[in-house]
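Number of protein chains: 2
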Amino acid sequence: MKRIAIQHLKKHIGKEVAIAGWVDVRRDHGKLIFLDIRDGTGMVQCVVLPKGKLSNAEKEVVQKLRSEWVVKIGGVVNARPDNMVNSDTLNGDIELEIQSMSILNEAQELPFDKDTELNIDTYLDYMPLTLRSKKGKDIFKVQSEIMRAYRDTLITMDFVEFQAPKLVGNDAEGGANAFKVEYFYDKTAYLATSPQLYKQIMVGVFEKVFTVGNVFRAEKHSTTRHLNEYTSLDAEMGFIESHETVMDVLTKVIRSIVKAVGTACERELSSLKAASALCPTTFPVMKLRDAQTLIFKETGEDSTKEPDLSPAQEKWLCEYSAKEFKSDFIFITHYPASKRPFYTFEDENDAGYTKSFDLLFRGIEVATGGQRVHDYDTLVKKLKERGLNPDNFSFYLQTFQYGMPPHGGWGMGLERLTEKMLGLENIKEATLFPREMNRIDILLSD
Amino acid sequence: MKRIAIQHLKKHIGKEVAIAGWVDVRRDHGKLIFLDIRDGTGMVQCVVLPKGKLSNAEKEVVQKLRSEWVVKIGGVVNARPDNMVNSDTLNGDIELEIQSMSILNEAQELPFDKDTELNIDTYLDYMPLTLRSKKGKDIFKVQSEIMRAYRDTLITMDFVEFQAPKLVGNDAEGGANAFKVEYFYDKTAYLATSPQLYKQIMVGVFEKVFTVGNVFRAEKHSTTRHLNEYTSLDAEMGFIESHETVMDVLTKVIRSIVKAVGTACERELSSLKAASALCPTTFPVMKLRDAQTLIFKETGEDSTKEPDLSPAQEKWLCEYSAKEFKSDFIFITHYPASKRPFYTFEDENDAGYTKSFDLLFRGIEVATGGQRVHDYDTLVKKLKERGLNPDNFSFYLQTFQYGMPPHGGWGMGLERLTEKMLGLENIKEATLFPREMNRIDILLSD
Numbered sequence: 001m002k003r004i005a006i007q008h009l010k011k012h013i014g015k016e017v018a019i020a021g022w023v024d025v026r027r028d029h030g031k032l033i034f035l036d037i038r039d040g041t042g043m044v045q046c047v048v049l050p051k052g053k054l055s056n057a058e059k060e061v062v063q064k065l066r067s068e069w070v071v072k073i074g075g076v077v078n079a080r081p082d083n084m085v086n087s088d089t090l091n092g093d094i095e096l097e098i099q100s101m102s103i104l105n106e107a108q109e110l111p112f113d114k115d116t117e118l119n120i121d122t123y124l125d126y127m128p129l130t131l132r133s134k135k136g137k138d139i140f141k142v143q144s145e146i147m148r149a150y151r152d153t154l155i156t157m158d159f160v161e162f163q164a165p166k167l168v169g170n171d172a173e174g175g176a177n178a179f180k181v182e183y184f185y186d187k188t189a190y191l192a193t194s195p196q197l198y199k200q201i202m203v204g205v206f207e208k209v210f211t212v213g214n215v216f217r218a219e220k221h222s223t224t225r226h227l228n229e230y231t232s233l234d235a236e237m238g239f240i241e242s243h244e245t246v247m248d249v250l251t252k253v254i255r256s257i258v259k260a261v262g263t264a265c266e267r268e269l270s271s272l273k274a275a276s277a278l279c280p281t282t283f284p285v286m287k288l289r290d291a292q293t294l295i296f297k298e299t300g301e302d303s304t305k306e307p308d309l310s311p312a313q314e315k316w317l318c319e320y321s322a323k324e325f326k327s328d329f330i331f332i333t334h335y336p337a338s339k340r341p342f343y344t345f346e347d348e349n350d351a352g353y354t355k356s357f358d359l360l361f362r363g364i365e366v367a368t369g370g371q372r373v374h375d376y377d378t379l380v381k382k383l384k385e386r387g388l389n390p391d392n393f394s395f396y397l398q399t400f401q402y403g404m405p406p407h408g409g410w411g412m413g414l415e416r417l418t419e420k421m422l423g424l425e426n427i428k429e430a431t432l433f434p435r436e437m438n439r440i441d442i443l444l445s446d
Numbered sequence: 001m002k003r004i005a006i007q008h009l010k011k012h013i014g015k016e017v018a019i020a021g022w023v024d025v026r027r028d029h030g031k032l033i034f035l036d037i038r039d040g041t042g043m044v045q046c047v048v049l050p051k052g053k054l055s056n057a058e059k060e061v062v063q064k065l066r067s068e069w070v071v072k073i074g075g076v077v078n079a080r081p082d083n084m085v086n087s088d089t090l091n092g093d094i095e096l097e098i099q100s101m102s103i104l105n106e107a108q109e110l111p112f113d114k115d116t117e118l119n120i121d122t123y124l125d126y127m128p129l130t131l132r133s134k135k136g137k138d139i140f141k142v143q144s145e146i147m148r149a150y151r152d153t154l155i156t157m158d159f160v161e162f163q164a165p166k167l168v169g170n171d172a173e174g175g176a177n178a179f180k181v182e183y184f185y186d187k188t189a190y191l192a193t194s195p196q197l198y199k200q201i202m203v204g205v206f207e208k209v210f211t212v213g214n215v216f217r218a219e220k221h222s223t224t225r226h227l228n229e230y231t232s233l234d235a236e237m238g239f240i241e242s243h244e245t246v247m248d249v250l251t252k253v254i255r256s257i258v259k260a261v262g263t264a265c266e267r268e269l270s271s272l273k274a275a276s277a278l279c280p281t282t283f284p285v286m287k288l289r290d291a292q293t294l295i296f297k298e299t300g301e302d303s304t305k306e307p308d309l310s311p312a313q314e315k316w317l318c319e320y321s322a323k324e325f326k327s328d329f330i331f332i333t334h335y336p337a338s339k340r341p342f343y344t345f346e347d348e349n350d351a352g353y354t355k356s357f358d359l360l361f362r363g364i365e366v367a368t369g370g371q372r373v374h375d376y377d378t379l380v381k382k383l384k385e386r387g388l389n390p391d392n393f394s395f396y397l398q399t400f401q402y403g404m405p406p407h408g409g410w411g412m413g414l415e416r417l418t419e420k421m422l423g424l425e426n427i428k429e430a431t432l433f434p435r436e437m438n439r440i441d442i443l444l445s446d
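Those protein sequence lines, which keep their order, are chains A and B. At the far end of the first sequence sits residue 446, using the working numbering, and the numbering has no gaps. At the far end of the second sequence sits residue 446, using the working numbering, and the numbering has no gaps.
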């Protein structure tokens, strides 16, 4: 008999079907045994009736079953009596009466219930198991929908996707914080900290481009905010007026993601108790200096001489934005040129400050972007000012020798966006297989 | 005036419009000057009429223009006279009469015409320029469509996308051919040669998963077939009957890609003179030994004792398949266990041979896959047989301790698929910024 996906069982009420999946939970009520069976599409409650059709051999099999055993089941889909209906969950109104049963694979005894709240290190140590929890599945279902919505929205806007290389000879930031790779012939390569230089090259080709891929930061952080490898949702586009064009497009993309996730992952969001993001048509925009002045005025904390915001200040600004502007998102613009990469465009009307932005969301920077320098001579000058050798960027610089329009773009952290959309406490909960200074899958201690 | 995308100009015949883009070619016919202007969406012929509205200053600007200068143009969209219509190209039936003109950025004199046929090293050295050629744009437009169709097809089949980490502690193949990365505290990490282990972990979570990402091979090859970094289109699924289930799904995915590219990239395929792929409902399947016997019989070349096919034999089999089965694709199965990775499933009815396959397409292997071992004890035994230490795979092995169904999947090379769909000569033509032993963007010679 052809296997039915569990999410489609409801179409087969009164019929005999076959399913296959993992035993999520087995509840033995003496005469009745209940099995929650899970496949990739959902979960269903199955029941072994005392006078059911199972052979004695099959009944013995049922007695042996524990969580995570893999089974194939034949049975009849029954509607539940009204007083047993749970309308909040998939298949809460049906039940599968088991008529045959076989084991596809056994599982060892679990070290803990997979849906237990665990401390983060245990959760990470056992990720092949803990990701099977309801929470783990919900988080990464949402993450996959964020990626899908991100790409689809940009494709609709005529952006072309490309794959940026991760092995690079020189990094956009000049090699600081880049992991070193032993290349051939004793050469050193680096892992890209962003696809920035390639995005700009590709603007020369397709005008509007995007790329989704892993980036690498050799930063010795071990916090709830940082990762040494993460997924960057990047885009770059030509013929912009200023960084504001970029912010407008990013706003549309974010709104589209929030809407798509709200529709496709309604059940997951509800299960994770994720509050809907306040996501108005336009997000508030503040210059860094205006933000600092506001903070000084409202809290008495004087950071007006600082080149950046502290984590606490980012949090404060987001709370302010939610309260004052009904927006969980806020753009902070005009960071000082000295704190931004060499390719950042300086504001011709605000010397020393850049047409760049950070996008803050629920207390954290989730995206950074702006307008880039498109003039070759200016770019060479900026490289030299930073002590970088233009010869090492000769490949990239061709883009600007051979005609580039005003352009800009952003990089957005998939894991941070996921974390904040879902109200999680730690970036690692929103990261499949997080890499940090102490961990690559397992802790790196000797 | 709001800028119009060049692909939409036809909707504005008789109207005044603004466009912006690159000068592709400037043709000076004395009284008449023609400019082909290109933006991200297409190209249009523009004309400066002798008695047109341009100011003298603007006329001087037009005189200075060369290829790749970036301009903003105002003008009127005119239908071309019937005898001037070129119906094969976008905008072959219209022309823009230039009425105003400004320069957004200049370009240096080009080292060569960007559409010239170049030797491969020059092409690669100047990629920021040469990718702007018609051929370059066509190839990578098709590649982006392959990615889109790949993902969309799998999402329709209930596969869930995830991002696999590239920094790994231990490689699926045991570290051979993996690049070494200097990690923290003098630890060594590796660059993943495939997302294999993570795909299998994720089958335990979502049952059907896919991932698109870069993989890295530290192989000292410099051929028209090999790359040291490439994009792998991966998928993995649970509850399969055998490797044949995997082959069936992969066949559907390939057919869907071929169809989508044929529709969305009709113009690009035609311009690249790419022949439609012979892509029947089912692809021919041959065991490796049967293929070798056939080759022996037909060509006299005895390779029946070899564990693999030579490149020439793969080519021969593809030509045979096209002729005999009207299929540019052919599956070769049952490679010897000794030549396949530790996780490969051995055929219980054909000892020593595996339920694995290579998919050949127009002379080259574009995908490899099969059924995987799902039993924990067998997997540990196979690791040990290869001299690998199961302790180093403890994270991965949890997947099998805690219940895994029969499962399998594939990895497919995006660049090889692109190359062969488009009939290109060299994998590097189908690769954005190819990495090889002698090159990362530029040649690595001292």
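Heads up, a few of these hints could be off.
Intra- or inter-copy, both count: the list cannot distinguish identical chains.
In silico DMTMM-like links for lysine to aspartate or glutamate, alpha-carbon gap of 20 Å or less [unchecked claim]:
1) K134 - D158
2) K10 - D158
3) K259 - E298
4) K141 - D152
5) K180 - E219
Since the hints were derived computationally from the structure, they do not count as laboratory data.
* Please write out, lowest number first, the hints stated earlier that are contradicted by the structure. => 3
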